[in-house]
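A.B. asks: Here are the chains, one letter per residue:
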Amino acid sequence: DAGVTQSPTHLIKTRGQQVTLRCSPKSGHDTVSWYQQALGQGPQFIFQYYEEEERQRGNFPDRFSGHQFPNYSSELNVNALLLGDSALYLCASSPLAGGSYNEQFFGPGTRLTVL
Amino acid sequence: RKEVEQDPGPFNVPEGATVAFNCTYSNSASQSFFWYRQDCRKEPKLLMSVYSSGNEDGRFTAQLNRASQYISLLIRDSKLSDSATYLCVVNEGSNYQLIWGAGTKLIIKP
Numbered sequence: 005d006a007g008v009t010q011s012p013t014h015l016i017k018t019r020g021q022q023v024t025l026r027c028s029p030k031s032g033h034d035t036v037s038w039y040q041q042a043l044g045q046g047p048q049f050i051f052q053y054y055e056e057e058e059r060q061r062g063n064f065p066d067r068f069s070g071h072q073f074p075n076y077s078s079e080l081n082v083n084a085l086l087l088g089d090s091a092l093y094l095c096a097s098s099p100l101a102g103g104s105y106n107e108q109f110f111g112p113g114t115r116l117t118v119l
Numbered sequence: 072r073k074e075v076e077q078d079p080g081p082f083n084v085p086e087g088a089t090v091a092f093n094c095t096y097s098n099s100a101s102q103s104f105f106w107y108r109q110d111c112r113k114e115p116k117l118l119m120s121v122y123s124s125g126n127e128d129g130r131f132t133a134q135l136n137r138a139s140q141y142i143s144l145l146i147r148d149s150k151l152s153d154s155a156t157y158l159c160v161v162n163e164g165s166n167y168q169l170i171w172g173a174g175t176k177l178i179i180k181p
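Residue numbers (the working numbering), protein chains in the order written: chain A, 5 to 119; chain B, 72 to 181.
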């Protein structure tokens with residue numbers, strides 16, 4: 005049973021570019037959450053997708069957008085990259101509509117460096 | 072004031088010792104509480120959920136104090152493999168967003 009997978013593992017972009025990160029949830033999970041983790045900080049919630057809709061959003065600008073596909077996989081898109089977007093981007097999946105009491109399983113993350 | 076606060080550490084502890092850290096949260100309506108462990112350059116992994124009555128899992132004990140709005144994690148008989156960053160996580164219950172502390176770094180020394 006594959007866990008949460010993310011691609012790519014590492015990415016280097018320049019300011020102003022756009023990036024797309026991908027996530028496949030754990031088998032049986034239907035809810036995907038995205039987080040940004042800067043060095044030395046805890047993960048910051050970006051948004052959560054359920055039933056192909058953005059269900060909840062954290063305090064991130066519109067440059068951050070996402071999508072969930074019918075197979076529950078998800079993409080995170082970031083436009084007009086800034087140096088401050090350099091971070092580890094984590095995807096987490098949870099089962100059964102992702103209620104607050106459900107454990108979130110994390111993928112290994114995508115490390116994004118913006119130059 | 073941050074929503075979830077933790078002492079960043081590092082806590083340098085000899086192998087076999089007992090170590091405890093606290094985490095405070097600002098929203099009294101918070102309903103779910105978790106401790107996650109994160110190894111260097113790896114993803115967070117759930118260590119344990121924290122229940123109102125307190126709970127224990129082997130060498131690990133978690134406690135919740137709603138009156139003072141803090142949760143604690145106690146590690147007994149610490150092992151070298153316990154070295155990691157421990158993240159406190161809170162959910163307010165009214166939404167699906169988890170609020171994360173910045174983590175406490177623990178270093179177990181031989």
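Just to be clear, a hint being listed does not mean it is correct.
Selected chain A positions facing chain B (Cβ under 10 Å, derived; list incomplete) [what the hints assert, rightly or not]:
{"id": "1", "residue": "54"}
{"id": "2", "residue": "59"}
{"id": "3", "residue": "65"}
{"id": "4", "residue": "68"}
{"id": "5", "residue": "107"}
{"id": "6", "residue": "108"}
{"id": "7", "residue": "109"}
{"id": "8", "residue": "113"}
{"id": "9", "residue": "117"}
Simulated from the structure, these hints should not be mistaken for lab results.
The beta carbon of each residue, even a glycine, is placed where N, CA and C say it ideally should be.
A.B. asks: Hint by hint, note whether the structure agrees.
C.D. replies: These are the hints, each one checked on the structure:
no. : hint : in the structure
1   : 54   : holds, 8 Å
2   : 59   : holds, 6 Å
3   : 65   : violated, 17 Å
4   : 68   : violated, 15 Å
5   : 107  : holds, 5 Å
6   : 108  : holds, 7 Å
7   : 109  : holds, 8 Å
8   : 113  : holds, 6 Å
9   : 117  : violated, 14 Å
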